[in-house]
Every structure is written in C-alpha cells, then in structure tokens.
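Please build the complete structure, drawing on both the sequences and the hints.
Line by line, the protein sequences give chains A and S.
Counting with my numbering, you get residues 1 to 163 for the letters of the first sequence.
Counting with my numbering, you get residues 1 to 320 for the letters of the second sequence.
Certain hints may be false.
Distance condition first, Cα-Cα at most 30 Å in a straight line; then the derived DSSO-like pairs of lysine-lysine [stated by the list, open to error]:
| # | chain 1 | residue 1 | chain 2 | residue 2 |
| --- | --- | --- | --- | --- |
| 1 | S | Lys113 | S | Lys211 |
| 2 | A | Lys88 | A | Lys3 |
| 3 | S | Lys211 | A | Lys130 |
| 4 | S | Lys293 | A | Lys61 |
| 5 | A | Lys61 | A | Lys130 |
| 6 | S | Lys211 | S | Lys293 |
| 7 | S | Lys113 | A | Lys61 |
Chain A regions said to be covered by chain S (calculated; three or more residues, Cβ under 8 Å) [to be verified]:
| # | stretch |
| --- | --- |
| 8 | 38-48 |
| 9 | 151-160 |
Here are the computed distance ranges between Cβ atoms for each label pair [said to hold, decoys possible]:
| # | chain 1 | residue 1 | chain 2 | residue 2 | range |
| --- | --- | --- | --- | --- | --- |
| 10 | A | Tyr156 | S | Ser177 | 16 to 22 Å |
| 11 | S | His5 | A | Tyr96 | 45 to 51 Å |
| 12 | S | Lys164 | A | Ile159 | 35 to 41 Å |
| 13 | A | Tyr156 | S | Ala227 | 27 to 33 Å |
| 14 | A | Val76 | S | Ala31 | 55 to 61 Å |
| 15 | S | Trp13 | A | Thr155 | 41 to 47 Å |
| 16 | A | Ile159 | S | Ser177 | 19 to 25 Å |
| 17 | S | Asp245 | A | Ser123 | 54 to 60 Å |
Source of the hints: derived by calculation from the structure; they are not laboratory data.
The C-beta atom is built at its ideal place from N, Cα and C for all residues, glycine as well.
Take a look at the letters that make up each chain.
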Amino acid sequence: MLKAVEESGFSVWIRDSPSPFAFWFIISVHAVGMGLLVGASLVIDLRLLGVAAALPLAPLKSLYRIMWVAFWMQVVSGVLLLIAYPIKALTNPDFYLKLALIGIAFTLMLRIRNRVFGDATLSESVMMQKGRALAVWTLILWAGAVTAGRMLAYTYSRINYSG
Amino acid sequence: MYSAHFHLLLNHWPIIGTFVGLCLFVVSLIANQDDLKQTSLAVFSFLSLLSIPAYMSGNAAQQVIKDFPGVSAEMIQSHQGAALLSLIIMEITGGFALIGLWQFSRVDKGGGKPILPGWNVFAVLILAVATMACMAITGNTGGEIRHPEVVSGTSSALGALGGKILPSIQYVVVDYSMWVWPILEDLHFIGLILIIGAIGVVNLRVMGFLKQLPVAPLHRFIPWGIAGFVINIVSGVLFFIGMPDFYTNNIDFQIKMLAMVLAGSNLLFFHCTSYFRVCARLGPGDEAPALAKFVAASSIFLWIALIVLGRYMPFFEVAN
Numbered sequence: 001m002l003k004a005v006e007e008s009g010f011s012v013w014i015r016d017s018p019s020p021f022a023f024w025f026i027i028s029v030h031a032v033g034m035g036l037l038v039g040a041s042l043v044i045d046l047r048l049l050g051v052a053a054a055l056p057l058a059p060l061k062s063l064y065r066i067m068w069v070a071f072w073m074q075v076v077s078g079v080l081l082l083i084a085y086p087i088k089a090l091t092n093p094d095f096y097l098k099l100a101l102i103g104i105a106f107t108l109m110l111r112i113r114n115r116v117f118g119d120a121t122l123s124e125s126v127m128m129q130k131g132r133a134l135a136v137w138t139l140i141l142w143a144g145a146v147t148a149g150r151m152l153a154y155t156y157s158r159i160n161y162s163g
Numbered sequence: 001m002y003s004a005h006f007h008l009l010l011n012h013w014p015i016i017g018t019f020v021g022l023c024l025f026v027v028s029l030i031a032n033q034d035d036l037k038q039t040s041l042a043v044f045s046f047l048s049l050l051s052i053p054a055y056m057s058g059n060a061a062q063q064v065i066k067d068f069p070g071v072s073a074e075m076i077q078s079h080q081g082a083a084l085l086s087l088i089i090m091e092i093t094g095g096f097a098l099i100g101l102w103q104f105s106r107v108d109k110g111g112g113k114p115i116l117p118g119w120n121v122f123a124v125l126i127l128a129v130a131t132m133a134c135m136a137i138t139g140n141t142g143g144e145i146r147h148p149e150v151v152s153g154t155s156s157a158l159g160a161l162g163g164k165i166l167p168s169i170q171y172v173v174v175d176y177s178m179w180v181w182p183i184l185e186d187l188h189f190i191g192l193i194l195i196i197g198a199i200g201v202v203n204l205r206v207m208g209f210l211k212q213l214p215v216a217p218l219h220r221f222i223p224w225g226i227a228g229f230v231i232n233i234v235s236g237v238l239f240f241i242g243m244p245d246f247y248t249n250n251i252d253f254q255i256k257m258l259a260m261v262l263a264g265s266n267l268l269f270f271h272c273t274s275y276f277r278v279c280a281r282l283g284p285g286d287e288a289p290a291l292a293k294f295v296a297a298s299s300i301f302l303w304i305a306l307i308v309l310g311r312y313m314p315f316f317e318v319a320n
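Set out below in structure tokens:
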C-alpha cells in the first residue's frame, strides 16, 4: 500500500518536482502553521502563568480561532508531506512520538478552553488557578513536539521503499 | 553584480555609525535630552542589526579577491578574526541599548518621564567605546587587504585572537557532534514561535483584531518576542559561521538578511521607542492610527516572510 502511495504521480510530484510550489511550498506552510498554532498557544499559556497580568484574560479566547485555522493548515500540509515520503515517516518512531505530543498538547489547549474560558462567570484569579498546571504542561509538550518534528530530518532509517 | 558589492556597501556603516552614535549619546547625557538619548540608543541597536549582513558579506568579498596578486590570506584571516569579535561586542552593545530603549516605549502610570537606569547608561557607554575600538581595528585590517599604500605593517592582536576563536566555533557547530546543528535548528524554531506569538499578538491588536484588549498591558509580551529574536540571531550567526559557503552567494539568504534587518528595525523603531505610546494609550475597542496599523501589518508580513525564506533556502542552494 505504502509502495503504491509512494509511486503515485502525486507523491512523485511533491517530492521531485522542480517547481518551487511543490515540496518547498508545502514545508513552508507547515513552518508558518507551526508558528501560528504554537505562537497563539504560547500567548494564552504565558498570560495564564502571569505574564502581562494587567491584560484581561477572557478576550484571549479569540486566539482559538487562529489556532484552529493553523491546526488545519498543519493537518493538510502534514498529510501532503506524508504522501511525499510515507516510508521515511512511518518507519521512524520519532514520527509517532511527534504525533502523540501534538495530540496531547492540542487536547490540553482545548481543555484550557473548556475549563478556563468556558465559564464566563469565573473571576480572573480562579481562571489562572485552573489554567496554571495545564499551561505549564502544554508549553513543555509543544517544545517536545517541535523538537521531535525538527529531529525527523536526522533520525530516519529509511527514505523510501527501496532503501 | 557580485555579492561582494554588499560588503563594500555595508562595511563602513558600523564603524562610522558607532562613532556618531557615541558622540550623540555623550551629548544627550550632558544636555539631559531624552529624545537624543533615545535616538543614540536606537542608532546602536540598528547598527547591531546592520553589522550582521556586514560581517556575512565579508565571505563574498573574500571569495572574489582571495586569488588576486598581492592579496595575503593572513591579512584576510586577521580581518575576519577582528570582524568576528567586533560583531560579538556590537551585538552586546545593541542588546543593552535595546534594554535602555525599552524604558521609552512604556507608558508611565504617573505620566512622568522615562528614566534610563544608571547601570544601563554606564554599560552602553563602556560597550560602545569598546565596539568603536574593535570596529576601527577591523576597518584598518580590512583596508590593508586591498590598499597596500596604507599598510602599517603592525599585526593586530584582535585579529589574531578572533582568528583563533573562529575555527573553534566552526568545529563546535559542525564537527564536534552531529547533534549540535539539529539542536541549533530546534532553538531557531523555538525562537520563531516566540517571535510570531509575542510580536504577532501585539500587531494583530494594533491592526484592529482582538479589539477588546487594551494595548498597554499587551505590550508586556514584546520582551518575549525580543528573546526569540536574540535566540535566532545567535543560532543564525552560528549557522553562518559553521557553513559560510552554503549561504554566502545564496540569493534567498541575501533577501532573508534584508528582511531580517527590516523586521528587526520595525520591532526596534515601532515597538521599542516612544512612538509606541500612540498605541499604548488605546483601551478596549479603540482604533489605532492608520500609520500604526500599516507598520503592524508590515511587521507580520516580514516575520512570516522570514520563515518562508528560511524554509526555501535549500531550494536556492548554489554550487560552489
């Protein structure tokens, strides 16, 4: 199956096309999406941890819209990169580690949305109290996810079906 | 046009600029003029941005002239060593100047004047004098490479020291362990996230999104973005020192350095000077002036462009 994906015209186009709008464009979108997704999370997490304490917390909820847009940018560009190099990713344990870290980090961000931003009657100090541990954990997990992603380029054992 | 032209275009600015900035700073301290203090601090920070491509373009100049008759490899090495140490001390000076400048962008609750801490004035003064001395030596060793009529014959201790440090940095970045480069790349990504998150959220608000947020407390995120920028300047310069031939003639890299100076200047002059008080007064729902909106939008555009230019760099790799 993976062999078929790898040999498909689309996969070959992403991988080998001399066009600047194939592989390099997709990987650029993936980097920009990372900046937006993790950057927006970072702002919420830092505020929950007391940075810019004079800033009202509740309006930061709007940043979740940016995070969702960025999340789907990452899913689409990530799937395209996977189609280009299915064997390279799927034979590397680091790839599963990366997906797991992203999954947990994003779930925790959604938990912050429900627990901290979900109830408009909460006072700021209660919001911060509820969000503190979640904020610390998401920051650690995002750092881990970015690192695991960066290391994909250095930890693969196979690049394609033939070797 | 050769990439070497960039070196001639850029390399005089840090030398003359540091001198002008230092004179201006001394006058501003004697006259106790806040605007003038702010101007000279901004000059130092801006020069620390400009010095990065000035240093890097030296490699292009080296490639062009190294085989010319009468050009000594030793002199080039000495110049490069002095340039590296000058760059390092220039960056430290620019960093301290930026910390001082930060005071001017904050809105004082009491409405009083911004106070530049004494330790900061002292640090910037000492560092600027040291930078000027190093830059003068660098300019001198550089001039001697192509102008035999002014060769003094004296060897430069600064050049010799820098000439020893440069290969050790190169060794650590490239050969010491295969993991140093990936770790630097990882830090470069984390710096990128700090920049996009912290500077991006301030710019979005100024542009008119997230309007329920007052701007003054939001401005507290800017130091986190500056921290990201510092991480990326350090890791980026280390990449260049590690593999200069990969970058020197790469058009994508050259555009990226231009974008870096522009984005850094935007951060410096917009977010870190008293101009930002125009925005810092904005409460929930208030609209920023059109010019501020434009500057905020250009900041977001430039930082995103830097990410894209970074990712496209291998696509534009030139064979050496």
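Indicate whether the distance between the beta carbons of S:Asp245 and A:Ser123 respects the range 54 to 60 Å. For S:Asp245 and A:Ser123 the Cβ distance comes to about 59 Å; the hint holds.
Under the criterion that the straight-line Cα-Cα distance not exceed 30 Å, is the pair S:Lys113, A:Lys61 satisfied? With a Cα-Cα distance of about 35 Å, the restraint between S:Lys113 and A:Lys61 is violated, given a limit of 30 Å.
Does the hinted range 45 to 51 Å hold for S:His5 and A:Tyr96 at CB? holds, 49 Å
Given the hint that A:Lys61 pairs with A:Lys130, does the C-alpha gap stay at or below 30 Å? holds, 15 Å
Confirm or reject the claim that A:Tyr156 and S:Ser177 have a C-beta distance inside 16 to 22 Å. 19 Å Cβ-Cβ, so the 16 to 22 Å window holds.
Taking the CB of S:Trp13 and the CB of A:Thr155, does the distance hold inside 41 to 47 Å? holds, 43 Å
Verify the CB-CB distance for A:Val76 and S:Ala31 against the hinted window 55 to 61 Å. About 59 Å separates the Cβ atoms of A:Val76 and S:Ala31, which means 55 to 61 Å holds.
Per the coverage rule (Cβ-Cβ under 8 Å, at least three residues), is the stretch 151-160 of chain A covered by chain S? Check passed, 3 qualifying residues.
Given the hint that S:Lys293 pairs with A:Lys61, does the C-alpha gap stay at or below 30 Å? Holds. S:Lys293 to A:Lys61 sits at ~22 Å (cutoff 30 Å).
If you count the residues of the stretch 38-48 of chain A with a beta-carbon closer than 8 Å to a beta-carbon of chain S, do you get 3 or more? holds (count 7)
Take the C-alpha atoms of A:Lys88 and A:Lys3, compute the straight-line distance between them, and say whether it is at most 30 Å. Answer holds: A:Lys88 to A:Lys3 is near 12 Å, not above 30 Å.
Starting from the hint 35 to 41 Å, judge whether the C-beta atoms of S:Lys164 and A:Ile159 obey it. holds, 40 Å
Figure legend: structure checked against the earlier numbered hints; the only hint not met is number 7.
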